[in-house]
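Chemist: Sequence:
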Amino acid sequence: MNTIDQTEQVRRAIAAAINADELARKELEARHGQVWSTEEVRRDFEVIGFGAPLVVVRRRSDSRKGSLFFQHNPRFYWGFQEYTK
Numbered sequence: 000m001n002t003i004d005q006t007e008q009v010r011r012a013i014a015a016a017i018n019a020d021e022l023a024r025k026e027l028e029a030r031h032g033q034v035w036s037t038e039e040v041r042r043d044f045e046v047i048g049f050g051a052p053l054v055v056v057r058r059r060s061d062s063r064k065g066s067l068f069f070q071h072n073p074r075f076y077w078g079f080q081e082y083t084k
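Read in order, the letters of the sequence shown are residues 0 to 84 in this note's numbering.
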């Protein structure tokens, strides 16, 4: 079965923009607020899906689902957006 990902082109464009200007943690925090390293994401979230430049997560503190953006190198995550019904 062929599955067409209608978000792929948009995700690729966003990933290219993010990774064209990979930032240090302090710069990301200034732009986006809270930032997580890989270890901190593992502590605070369960990763349940992946589609660069986003990961789908379940927050461990309250089991709420949402997504985070990430850059590849150095790997940092930010911008938790909780999913609403």
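Derived from the structure by calculation, the hints contain no laboratory data. Don't take each hint at face value.
Unchecked claim - What follows is a set of in silico ranges between Cβ atoms, one per label pair, in the way DEER data are often shown:
1) R11 <-> Q80: 30 to 36 Å
2) E28 <-> T2: 15 to 21 Å
3) A19 <-> T83: 28 to 34 Å
4) N1 <-> E38: 16 to 22 Å
5) E39 <-> S62: 27 to 33 Å
6) G50 <-> E28: 31 to 37 Å
7) R41 <-> R10: 19 to 25 Å
To be verified - Below 20 Å or equal to it, Euclidean Cα-Cα: the simulated EDC-like pairs (lysine to aspartate or glutamate) are:
8) K64 <-> E45
9) K64 <-> D43
10) K25 <-> E7
11) K25 <-> E39
12) K25 <-> E45
13) K84 <-> D61
14) K64 <-> E26
15) K64 <-> E38
Just so you know, these numbers come straight off a predicted model, no measurement behind them. The beta carbon of each residue, even a glycine, is placed where N, CA and C say it ideally should be.
Chemist: Quick one: which hint numbers does this structure break? Sort them smallest to largest.
Modeler: 1, 2, 4, 5, 6, 10, 12, 14
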